[in-house]
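Given chain W's structure and the hints, the job is docking chain E with the ligands onto it.
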Amino acid sequence: MLRNINIGQYIARDSIIHKLDARIKIIITILMITALFFIDSFKGYFLFLLAVLFIIYLSQISFMRIIRGLRPVLFLVLLTLILHIFFTRGGEVIWQWRFITIEKNGLITGLFMVSRILLLIMFTSLLTLTTSPLQLTDGIESLLRPLKRFGIPASELAMMMTIALRFIPTLLEEADKIMKAQMARGADFESGNIIRRSKNLIPLLVPLFISAFRRADDLALAMESRCYHGGEGRTKLHELKVKTQDFIALFISILFSILVSFF
Amino acid sequence: MLIELKNVTHVYEHERGTRVLKNVNLEIRENEFIGLIGHTGSGKSTLAQILNGLIKPSEGNVIIDGIDITKEKVNLQRIRQKIGLVFQYPEHQLFEETVYKDIAFGPGNLELDPEDIEIRVREALELVGLNYEEFKNRSPFNLSGGQQRKVAIAGVLAMKPEVLILDEPTAGLDPQGRRQLMGLLETLYKKEGITVILISHRMEEIARLSTRVIVLCEGKVQFDDSPEKVFAEVEAIKKLSLGLPEITEILHCIKERGFDVRTDIFTIDGAVKEIVSKLRRKDIC
Ligand SMILES: Nc1ncnc2c1ncn2[C@@H]1O[C@H](COP(=O)(O)OP(=O)(O)OP(=O)(O)O)[C@@H](O)[C@H]1O
Ligand SMILES: [Mg+2]
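Respectively, the protein sequence lines represent chains W and E. For what it's worth, our numbering labels the leading residue of the first sequence as -3, then goes sequentially. For what it's worth, our numbering labels the leading residue of the second sequence as 109, then goes sequentially.
Worth double-checking, as some hints may not be accurate.
[Said to hold, decoys possible] Have a look at the derived ranges for each label pair, beta carbon to beta carbon: (1) W:ARG162 / E:GLY280: 40 to 46 angstroms; (2) W:ARG192 / E:ASP176: 55 to 61 angstroms; (3) E:ASP176 / W:LEU79: 16 to 22 angstroms; (4) E:GLY280 / W:GLY226: 31 to 37 angstroms.
[Stated by the list, open to error] Below, computed lysine-lysine pairings styled on DSSO-like, alpha-carbon distance capped at 30 angstroms: (5) W:LYS176 / E:LYS347; (6) E:LYS299 / W:LYS176; (7) E:LYS328 / W:LYS195; (8) E:LYS328 / W:LYS173; (9) E:LYS386 / W:LYS173; (10) E:LYS179 / E:LYS209.
[Claimed, not checked] A few chain E positions that, by computed beta-carbon distances, are all more than 12 angstroms from chain W: (11) ASN133; (12) GLU205; (13) GLY254; (14) PRO269; (15) GLU336; (16) ILE345; (17) LEU350; (18) GLU354; (19) ARG370.
Think of the hints as simulated: they come from the structure by calculation, not from any bench. Yeah, the Cβ is synthetic: ideal placement off N, Cα and C, and Gly gets one too.
In isolation and in its complexed conformation, chain W is listed as follows:
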């Protein structure tokens, strides 16, 4: 149940999308997400969805895998939809029962927000599914490098991200194990109301934090004993290189995002 989250779960494939330069992929993602926020018609969202589906097809990652990654945000999505439907006012009344009314603007804004969230998650998880965490942080580091002059510690940030991404699956596994150990002592994580349920999480969260701190300690020690001393003068095993196909991809996505923003 805890394994369905996509972030940091790179799936190796030999596809065009996987081979693109990480920096270009990050820029494209930012571009597309910005464009996503300019869309204000269902036609636009549909077009965007088509683009996402096309990229999924190109990336050779199974569609179900992406859908499964959406499950954890389902609650957020439903909440957004419900809040908008019942509380955003304006437009003609679609449905009324006693004091509950649903108005057109609420429904439309709700659906807009939901499409936006789902597409956003789909697109960003495509980035992390097709780019290994290492490439990803290399990309971010390289994009942030010009900002070093303003005091932004690009390589340290990149290292922190690498580590965070690296440890998400480990922590999930750990959580799974602790959960089982507490269930063996009769703990119940699945029933009860929200307050009871969050209280029941304590036996899971405390050991999880403790183990995370222990791991952090060990890792810091291991890194220092291998002479890690920050980003200064570090060289790379794989240098990033922008190739023709990267320019083509970038060009297409700039065109697409301009086009889609007008819908």
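Here is chain E with the ligands on its own, set in the frame of chain W:
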């Protein structure tokens, strides 16, 4: 009879294809001491979790006291009370402010009265050899690793299980800690009448108390017999990247050198007696 596994096969959801357990059939009866051994990745921990309903096997049935727990709507909490499971490195699951509260977590989930819980906590602590008054108010995080493990095991014992499964409980303990733990298992098995299933990579531990040894290999039950019979299969055991108890190994060496001793002995005392008696017979000493 207590636990019965029928044609149990298990595949982890995310590792499609590889069957971690393959068609396992087992019967575990009351008051047995079972040693469960097998190379790393042979499926021992998976089997342990299937036995108390933490993992539902992909195929097959798990019947506990006549109830098939693979069916829907079974009260798994009752099952988990009956079958205690001590995970590998159980000290990593401690979470409460005091030792008392941590051990009381299990009984508390059974919704017992506070007085009953106190009795259980006291009993569990004394069983694992920690003084109740001295330890009850200490934070579990300030204890030594060995003490933490004892507290964690006490946390499972406080559930009063009829079957206790321990997954490599001695890993990472010093020799004294290991001896104490084995002593505890002996008490539980002989005095409290608890069925014990011990998973371990140390053949000495397995051989010392087990009345039955189950050998897993790549998810299949390879042997399921008395320790004497299992450890007599020297070639097969070594092929499974397992070993013999050290004492047995020594007896085998002695025998190879042409000195006829029995090789189905697992304790130092037993080996000494055997060697001395054989020497006597030959009038060497
Ligand atoms: N939560 C899990 N998800 C997916 N696969 C798993 C999981 N737990 C174990 N496995 C796989 O199942 C197989 C058996 O694992 P298991 O932990 O049962 O072995 P084991 O006999 O206990 O090994 P060890 O002696 O190292 O503890 C291994 O190949 C492992 O990779
Ligand atoms: Mg194991």
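Tell me the numbers of any earlier hints that the structure contravenes, in ascending order.
Going through the list in order, the structure violates hints 1, 2, 3, 5, 7, 9, 10, 12 and 14 and respects the others.
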